[in-house]
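K.L.:
Spelled out from the first residue to the last, the chains are:
Protein chains: 4
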Amino acid sequence: MEKDRLEAFSDGVIAIIITIMVLELKAPHEGDWHALSELAPEFFSYVLSFIYVGIYWNNHHHLLKAAHRVNGGILWANLHLLFWLSLVPFTTAWIARSHYAAAPVTLYGVVLLLSAIAYWLLQAAIIAEHGEDGVLRKALGRDFKGRLSPVLYATAIVLSFWWPWIAFGIYAVVALMWLVPDRRISSVVK
Amino acid sequence: MEKDRLEAFSDGVIAIIITIMVLELKAPHEGDWHALSELAPEFFSYVLSFIYVGIYWNNHHHLLKAAHRVNGGILWANLHLLFWLSLVPFTTAWIARSHYAAAPVTLYGVVLLLSAIAYWLLQAAIIAEHGEDGVLRKALGRDFKGRLSPVLYATAIVLSFWWPWIAFGIYAVVALMWLVPDRRISSVVK
Amino acid sequence: MEKDRLEAFSDGVIAIIITIMVLELKAPHEGDWHALSELAPEFFSYVLSFIYVGIYWNNHHHLLKAAHRVNGGILWANLHLLFWLSLVPFTTAWIARSHYAAAPVTLYGVVLLLSAIAYWLLQAAIIAEHGEDGVLRKALGRDFKGRLSPVLYATAIVLSFWWPWIAFGIYAVVALMWLVPDRRISSVVK
Amino acid sequence: MEKDRLEAFSDGVIAIIITIMVLELKAPHEGDWHALSELAPEFFSYVLSFIYVGIYWNNHHHLLKAAHRVNGGILWANLHLLFWLSLVPFTTAWIARSHYAAAPVTLYGVVLLLSAIAYWLLQAAIIAEHGEDGVLRKALGRDFKGRLSPVLYATAIVLSFWWPWIAFGIYAVVALMWLVPDRRISSVVK
Chain A
1 MEKDRLEAFS DGVIAIIITI MVLELKAPHE GDWHALSELA PEFFSYVLSF
51 IYVGIYWNNH HHLLKAAHRV NGGILWANLH LLFWLSLVPF TTAWIARSHY
101 AAAPVTLYGV VLLLSAIAYW LLQAAIIAEH GEDGVLRKAL GRDFKGRLSP
151 VLYATAIVLS FWWPWIAFGI YAVVALMWLV PDRRISSVVK
Chain B
1 MEKDRLEAFS DGVIAIIITI MVLELKAPHE GDWHALSELA PEFFSYVLSF
51 IYVGIYWNNH HHLLKAAHRV NGGILWANLH LLFWLSLVPF TTAWIARSHY
101 AAAPVTLYGV VLLLSAIAYW LLQAAIIAEH GEDGVLRKAL GRDFKGRLSP
151 VLYATAIVLS FWWPWIAFGI YAVVALMWLV PDRRISSVVK
Chain C
1 MEKDRLEAFS DGVIAIIITI MVLELKAPHE GDWHALSELA PEFFSYVLSF
51 IYVGIYWNNH HHLLKAAHRV NGGILWANLH LLFWLSLVPF TTAWIARSHY
101 AAAPVTLYGV VLLLSAIAYW LLQAAIIAEH GEDGVLRKAL GRDFKGRLSP
151 VLYATAIVLS FWWPWIAFGI YAVVALMWLV PDRRISSVVK
Chain D
1 MEKDRLEAFS DGVIAIIITI MVLELKAPHE GDWHALSELA PEFFSYVLSF
51 IYVGIYWNNH HHLLKAAHRV NGGILWANLH LLFWLSLVPF TTAWIARSHY
101 AAAPVTLYGV VLLLSAIAYW LLQAAIIAEH GEDGVLRKAL GRDFKGRLSP
151 VLYATAIVLS FWWPWIAFGI YAVVALMWLV PDRRISSVVK
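Chain order of the listed sequences is A, B, C and D.
Residue numbering for the first sequence follows the working numbering, beginning at 1 and increasing consecutively.
Residue numbering for the second sequence follows the working numbering, beginning at 1 and increasing consecutively.
Residue numbering for the third sequence follows the working numbering, beginning at 1 and increasing consecutively.
Residue numbering for the fourth sequence follows the working numbering, beginning at 1 and increasing consecutively.
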């Protein structure tokens with residue numbers, strides 16, 4: 001019951017984040033395909049960010065499913081995660097407007113890395129509330145993707161100074177890695 | 001309970017999509033009726049898109065009512081549908097700003113067609129989870145509108161290259177077809 | 001349960017409508033009180049529209065509380081109401097930008113009148129579903145405010161052609177009339 | 001059940017308020033770190049306002065948890081609180097755009113003060129509905145932070161006329177004060 005409202009608020013914020021990014025796709029006044037093609041950079045960064053925010057919603061959904069109680073620490077850890085996610089529309093827009101320059105691609109990775117850390121902190125706060133023997137602890141026993149992602153983000157951040165496109169490619173690979181169904185939590189919890 | 005959150009998130013995204021379209025109706029600085037009349041193209045495309053997004057919310061509501069469980073595939077099929085719907089405000093704005101030029105009207109139909117395919121995939125994912133004998137399968141036995149719509153969208157897309165207004169008229173006819181109450185699912189499920 | 005989702009979606013749309021109006025209050029670059037005072041027209045129309053949308057949310061809340069079932073007709077009657085409410089941010093902005101010119105004040109009243117009619121249709125659809133003897137029918141026996149409001153809107157619309165400020169004053173009076181607590185439904189239903 | 005919808009609507013409005021503030025962070029066209037650094041004033045005011053709106057959501061969450069019934073007065077007291085919170089994005093943007101000039105910093109404090117008063121009124125309305133012996137009354141016995149905050153806001157408002165940065169610092173201190181976990185309500189209610 002308490003958890004319900006945490007989920008509802010998070011759903012609201014994530015729904016807004018994922019949707020306002022589309023406001024960056026500004027309709028041109030010319031009605032031809034060439035005008036549309038100039039929006040390609042905006043479109044590609046939108047697609048990637050939509051998938052990333054979708055992954056976070058998906059994982060948040062699974063994580064909270066395993067939680068039974070919330071406390072003040074969990075509320076703030078959750079707001080902390082939402083804060084970093086709320087910067088995704090900005091970094092997405094900066095990447096597109098600067099045509100994938102080095103600095104925006106670096107910042108995009110930094111926001112992804114900080115979001116991943118915030119997610120990890122939220123997970124830790126939920127585990128702490130439920131105890132080491134909780135079902136969540138067991139379910140997260142081997143958190144392979146969750147450990148690999150920050151390493152890949154950090155690598156991409158370093159590479160972005162010289163080769164922004166390679167860094168952007170790594171972000172896309174991490175997103176694809178998460179898109180592959182993850183039976184870990186669902187199999188244990190359900 | 002799990003389904004609740006999928007519905008809540010979808011409701012949030014669809015509510016934002018249907019509402020941010022109105023931001024495209026930019027209030028003029030002149031306070032006379034002539035200034036208002038210049039917004040007529042924006043208004044008509046807004047009305048059509050409001051009805052379309054309303055139809056999707058309505059059908060999504062009925063579809064999820066018949067679902068009892070969700071899995072990872074359903075979550076992503078749902079996000080995939082929301083992705084295409086999230087492009088409706090953009091195509092709506094492009095149609096209006098370009099004064100119903102051919103390319104935007106074509107793109108509008110493409111987004112409608114891809115949304116329809118995404119809806120069909122979501123429906124298939126829910127049926128797969130619930131089994132062929134599920135109440136949903138029975139309810140959707142003769143999915144007349146669901147089969148006719150893509151055909152009409154495809155026809156309109158082809159026609160839009162030469163006659164955008166006829167294509168737009170077909171979009172409006174499909175919307176009207178869905179507005180007519182559909183007792184199919186409700187009669188079986190309820 | 002079915003009703004829950006109708007409420008959730010309506011809450012989402014109304015929450016967005018009531019909040020995006022504030023985007024019209026564009027922060028000036030100058031940091032002095034004079035720059036702020038130039039936003040007074042925007043602020044006053046924002047306050048009135050915030051109250052109106054709040055009244056609709058409030059009444060919608062009471063109306064749905066008395067409903068137990070929803071059908072296709074109720075879903076569309078509800079979307080129809082949300083459509084007219086979604087135009088409130090536009091008319092609010094137009095009033096402010098044109099500095100309370102006649103045409104925008106007229107249009108504001110027209111949107112209020114159409115919203116009131118849409119609300120009445122929604123109420124009728126809910127009563128029809130629940131039967132004449134339903135608690136709602138009884139509760140709404142003497143719908144004094146609901147009958148007076150459209151008359152006042154119509155009067156204000158006519159007057160707005162010559163005296164927009166008097167019309168705006170009438171809108172404010174109707175809002176105040178609704179702000180006064182209405183024990184009607186709550187006393188019967190609760 | 002009735003309370004649920006009040007929470008859902010408030011969550012929606014607060015989620016939108018906290019998220020649309022990020023729209024003020026407009027991505028620059030230049031893709032270098034210097035262009036980013038020029039957004040520092042926007043970023044800092046965004047962080048502070050994000051924390052403030054988060055605090056209100058958090059406290060609102062705790063307050064409503066202790067409530068069991070809602071009435072018309074509570075609904076309007078809640079909308080009144082949401083009204084003042086809805087002005088936070090505007091004051092946040094004004095502070096940033098004017099580079100922390102005196103008037104915007106004063107207004108920021110005024111909106112915080114009025115939000116605090118509105119919160120206090122909502123609390124009073126809930127206590128009135130539940131009676132003096134209600135669990136909430138007991139839980140709020142020594143409302144230290146709730147009494148100190150308005151005093152600090154008022155002090156900052158006065159100081160802002162001469163030293164806006166000191167006033168801004170006080171706002172930050174009040175925010176930090178609230179971030180420290182408050183075991184008061186949770187310990188009594190839970």
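It is worth saying that the hints were derived from the structure and are not from the lab.
Do not take every clue at face value.
When chains are identical, the list treats them as one kind, so a pair holds in a single copy or across two.
Calculated cross-link-like contacts (lysine to aspartate or glutamate; reagent style EDC-like; alpha-carbon spacing at most 20 Å) [claimed, not checked]:
| hint | residue 1 | residue 2 |
| --- | --- | --- |
| 1 | 145 | 2 |
| 2 | 26 | 129 |
| 3 | 65 | 4 |
| 4 | 3 | 38 |
| 5 | 3 | 30 |
| 6 | 145 | 30 |
| 7 | 3 | 143 |
| 8 | 65 | 2 |
| 9 | 26 | 42 |
| 10 | 145 | 4 |
| 11 | 65 | 30 |
| 12 | 65 | 42 |
| 13 | 65 | 32 |
| 14 | 65 | 143 |
K.L.:
For each hint, tell me whether it holds in the structure or not.
P.N.:
Evaluation of the provided hints:
no., hint, in the structure
1, 145 / 2, "neither (29 Å within a copy, 23 Å between copies)"
2, 26 / 129, "neither (45 Å within a copy, 39 Å between copies)"
3, 65 / 4, "both (10 Å within a copy, 11 Å between copies)"
4, 3 / 38, "neither (44 Å within a copy, 39 Å between copies)"
5, 3 / 30, "neither (48 Å within a copy, 43 Å between copies)"
6, 145 / 30, "neither (44 Å within a copy, 34 Å between copies)"
7, 3 / 143, "neither (23 Å within a copy, 25 Å between copies)"
8, 65 / 2, "both (13 Å within a copy, 8 Å between copies)"
9, 26 / 42, "both (9 Å within a copy, 14 Å between copies)"
10, 145 / 4, "neither (27 Å within a copy, 27 Å between copies)"
11, 65 / 30, "neither (47 Å within a copy, 42 Å between copies)"
12, 65 / 42, "neither (34 Å within a copy, 36 Å between copies)"
13, 65 / 32, "neither (47 Å within a copy, 41 Å between copies)"
14, 65 / 143, "within (17 Å within a copy, 34 Å between copies)"
Checked against the numbered hints listed earlier, the structure breaks hints 1, 2, 4, 5, 6, 7, 10, 11, 12 and 13; every other hint is satisfied.
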